[in-house]
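Novice: Single-letter residue listing:
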Amino acid sequence: MITPEMLEDPQKVTWCTGCGNHGILAALKKAVIELDRPVHEVAISSGIGCSSKIPHYIGGVNSIHTLHGRPIPIATGMHVVNTNLDVIVHTGDGDCLAEGLGHFVHAARRNVNLAVFIHNNGVNGLTKGQFSPSAPRGYISKTSPPPPGAPMDPVNPTAQAITAGATFVARGFSGDQKGLVKLMVEAIRHKGFAVIDILQPCVTWNHQLTWKYYNEHTYSLQDNDHDLTDKFQALAKAMENGDRYPVGVFYKVERPDLASGMALPDKGALKDHPTDLKDVQKIIDDLML
Amino acid sequence: MEISFNIGGEAGQGIDTIGDLLTQVFVQAGFYTFTIKDFESRIRGGYNFTQIRVSDKPIHASVDHIDVIIALSKDAVVGQRDRLTEGGVIIFDEGIEFDDLEACHFSAPLEKTAREVGGNIKMMNAAALGAIIAIINFPFTLVEQVLSDLFGRKGEKIVTANVDVAKAMYDLTKSNFMGTCKYNLESLERGPSKDKLILTGNKALALGAIAANLKWISSYPMSPSTSAFQDIVEHAFDLKIGALQTEDEIASLGMAIGASYAGARSMVTTSGGGFSLMVEALGLAAMTETPVVIYNAQRPGPSTGLPTRTEQADLLFMTFASQGEFPRIILAPKDPIEGFDVATRAFNLADKFQIPVMIMGDQYFADSVMNIPRIDVSGVKRDYGKLAKKGPDPDYKRYLLTKDGISPRAFPGDEGKTVVSSGNVHREDGHITEDPKLRALMVEKFMNKIPAIMADLEPPKIFGNEKAEITLLTWGSTWGAANEAMQILASNGASINQLHFCDVYPLRTVKLREVFTTAKQVIAVEQNITSQFAQLVKMQTGLEVTQHVNKYDGRPMTPGWIISELKEASIV
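Taken in sequence, the protein lines are chains A and B. Per my numbering, the first sequence starts with residue 1237, numbered consecutively. Per my numbering, the second sequence starts with residue 1032, numbered consecutively.
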């Protein structure tokens, strides 16, 4: 049993007051408790940015805080050599959808068994307010002054995930704790590449995508008869990106995951399955003339 | 006995197969062989060759002259005939027309015999082998054996057809070839070599990695490293090795770091261009003290350079790659025998010191083929370094400050321990900090590892007379050509030796200082234009190499080339 005390912050949280990340951290702790798995079998890989500092604010959980855009490859390596682990990726829009977008798409098509939580606020916060890949066209920031603001359309993470081959795609909102915890648990338990696009206002830099804005512009997919297994319906909902944001599970199907196609031992973790030197000697001897 | 063959033609014509067959004949017969592959970056066409040197003495380099040319295309004659020795023979398919044909050269119906006797022009390989064996008067019996070894898996019919083609061509050559080859090997049925393991450097490295208990490899194909990756992937299913071709080299090293953090020995293979993309993750491996092995099979750069050619010009790049300061190890095997050993050592060193270990090969090392003695893996030691005690430990700290800078490792999944790592500056428990004292302590922690690393590395070796006046300074794959050049010159009376480094960095300096005291001249022999190793020596010791032999045309050095360079500079 995991208790809230076990997960107490090892460090003082450095996020701004009112930041959407607080809600994600609270939800993550509740999700880890609800998972009801041995805590030593949970591991987080995070990238760089405000989002990716989360491992330092949750105690008792294994973690590696990595490079900008790269938490998914690192998590992939962790997962395959020890499939007993529940590997969770915490990343931001600036992390995952900029430098990390290539890794994101490839991990989705591999259907690697990870839960990827994108802290999405439309802005590069830690570098102090530049537009991120998920900022809307026209978004005004330090690196996209008016006119015309951000001169391009945003990356759509849910649509990207669905078309690339992710088998669990959802959107959560930091302001909806109950819903987010439920999504997180489901994503971690899902066997395959699970993505949650988590809407989380940056109260310091983003005055467009605010708490008020999201409270007024989100609605629940699950309350509206959405078919989880229909890829095209999921994609249509994912493309609804503008005035109204659907929240909940877009897409959920079962497909072979990466590990099932790899040379893993029948029992136990790959890391605990040493190669027998006798087998190596046989390979060498078979090469002999 | 010494003889060299050059088999040339277009990519896709099967020159590699002829080369493999011929090598096997001589290895079976007890000779030493050394084969280089010279090929263009294309799938079909062009002009490629395989050059095989055969000797009754151990050899570690290629030579400039050729005794027998086997040409499947016109370019294969034109490209090589200037290198043919007096009394040498060119065997070429009769379909190639020449107006300046000399009598000693043999226009052979290779394609015709393959088609008519074997029913398949692919059997030109067997025909060429038959012709070669006839010309040098070597016994045909060995041909049957190697054809059955190579084609055995395809069934008896294929073997018989190939043997028939080879025999037909052999007989035809015996009765029709009017020239004489100075190499009459009729009396020479057996050589002294018992070395029956035919390996490239890449394959030896792959076997070493497997023996070292490699459990994860993630790579992106890049010449000339690719075959090392493939040689591991080939055994992944049977041995249970996680292997993945990634989207790019950034992901490759990222995954390898993740795998190692989670407790598996991991590796990436690449060339310089791919390593450029890995530099970011190299820093992460260093900062998180995650062991990982990086193999760079160098090729000429910058940028795409010459994809299928050789160079040693990434040394300083690899020595100093990444922002920040941290310990790393660089090993440069000289040949396949050392390649196996270096691979097994690399994993132990990486685990022991929790740092990135880089193996530097090059196309010459990667693709050259030698027959070596059987590798006995019973001597392979697996040293995983300092590991945390089993069982719960709520106070476990991944970066515990210790005297030697090395903290016991634990892994996610270990019950009762929390393993926290970060690419940011971190505290002993792995959580991030900006505290100036801790920052300084953590940098010192890295550097405190260096004395023990130095003690663990192999010192350089002196070959030849310890007290010689001239020293050739080499590292990595140029050992063979330089060693033979040194031996030839020494046997002709020159006072010359060779100081060679396999373990390149951190630099062991004791022997260097000795040599710079004894020798009157120290000459850097490097496959690059700026003598990068000599630069490293100067930077670390102040000792200055003033004479240089550099090759940077993408083609490997030969002993003859080194000797002529030394003569031209009036050094010998």
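Since the hints were derived computationally from the structure, they do not count as laboratory data. Here the structure is a predicted model, which means the values were calculated and not measured. From the three backbone atoms N, C-alpha and C, an ideal C-beta is built for every residue, glycine too. Hints are supplied without guarantee of correctness; some may be wrong.
[Claimed, not checked] Facing chain A, from chain B, some residues (calculated, C-beta under 7 Å):
1) ILE1241
2) GLY1304
3) SER1453
4) ALA1486
5) PRO1490
[As the list claims (entries may be wrong)] With a Cα cut of at most 20 Å, we get these calculated SDA-like pairs of lysine to any residue:
6) LYS1518/A with ARG1184/B
7) LYS1225/B with ASP1522/A
8) LYS1271/B with ILE1520/A
Novice: Are the hints correct? Go through all of them and say.
Specialist: Going down the list of hints, with the structure as the test:
1. For ILE1241/B, the suggested interface contact is upheld, since its CB lies about 5 Å from the closest CB of chain A, less than 7 Å.
2. Given hint, GLY1304/B at the interface with chain A, is violated; its Cβ is 17 Å from that chain's nearest Cβ, farther than 7 Å.
3. With its C-beta approaching chain A no nearer than about 4 Å, SER1453/B sits inside the 7 Å limit, and its interface hint holds.
4. Violation of the interface hint for ALA1486/B is found here, the shortest Cβ-Cβ separation to chain A being roughly 27 Å, above the 7 Å cut-off.
5. With a cut of 7 Å, the hint placing PRO1490/B at the interface with chain A is violated, because the nearest CB-to-CB distance is about 28 Å.
6. For the given pair, LYS1518/A sits about 18 Å from ARG1184/B by alpha-carbon distance, which is consistent with the 20 Å threshold.
7. For the proposed pair LYS1225/B and ASP1522/A, the alpha carbon gap of about 16 Å is at most 20 Å, so the pair holds.
8. Our distance criterion of 20 Å between C-alpha atoms is met by LYS1271/B and ILE1520/A, whose separation comes to about 17 Å.
Hint violations for this structure: numbers 2, 4, 5, all remaining hints satisfied.
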